[in-house]
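Chemist: Got chain A sorted already, so can you dock chain B onto it with the hints?
Each chain is listed here by its residues.
Protein chains: 2
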Amino acid sequence: MNLVTLLGFIAGAITTTANIPQLIKIYKLKDANDISAFTYILLLIGFILWIIYALCINDFPLLIANIVSLGVVIGILILKEKYKKKTPKAIR
Amino acid sequence: MNLVTLLGFIAGAITTTANIPQLIKIYKLKDANDISAFTYILLLIGFILWIIYALCINDFPLLIANIVSLGVVIGILILKEKYKKKTPKAIR
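Taken in sequence, the protein lines are chains A and B. The opening residue of the first sequence carries number 589 in this note's numbering; numbering runs sequentially from there. The opening residue of the second sequence carries number 589 in this note's numbering; numbering runs sequentially from there.
No wet-lab data here; the hints were simulated from the structure. Note that the structure is predicted; figures quoted are calculated from it, not measured. Be aware that a few hints might be false.
Same chains, same names: a pair is fine if it fits in one copy or spans any two.
[As the list claims (entries may be wrong)] Mimicking EDC-like on lysine to aspartate or glutamate, the simulated pairs with C-alpha atoms at most 20 Å apart in a straight line are:
# : residue 1 : residue 2
1 : Lys618    : Asp647
2 : Lys616    : Asp647
3 : Lys672    : Asp647
4 : Lys670    : Asp647
5 : Lys668    : Asp619
6 : Lys670    : Asp622
7 : Lys668    : Asp647
One chain only, chain A, in its complex shape (with noise of 0.2 Å):
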């Protein structure tokens, strides 16, 4: 494996894995009041389609990476809809 290829993976492994804090921070805070349901929305329908493209072209670390994404994505949605009314109820 030459430096470049490396670079792809290194760069690959770090916004594959970057939303993890992110869920932890919710699942921590119990609290998603501030987190864009259609930022994670639209990363879903874009994981989901990435997962599509890698199947066509038979591209297993691409196929992974994306499997790893969507997960994380679907996790803070969850999270997202199990905290969403939090914050209404704490100001009445």
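Modeler: Just chain B now, kept in the frame of chain A:
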């Protein structure tokens, strides 16, 4: 352009622009308490590495996509820093 390439372009366009609604939401709420700075610092590093990678392999679409992503992430980090102390002040 065949259907698979088009699929890749659409997937890329969606994941590249996905964070724009998050940027707008923070700007409107003037609050970013639930936003993980760690996630956006990881994305910042990741997109910088993708830009270097794109320059190394002379991939222009990849370069443009990651410059856009980097711009949005920098915007989110700036707003996160700007609205950082809002919530503690409100509690005090």
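Chemist: Which hint numbers doesn't this structure obey?
Modeler: Hints 1, 2, 3, 4, 7 are the ones this structure does not satisfy, whereas the remaining hints hold.
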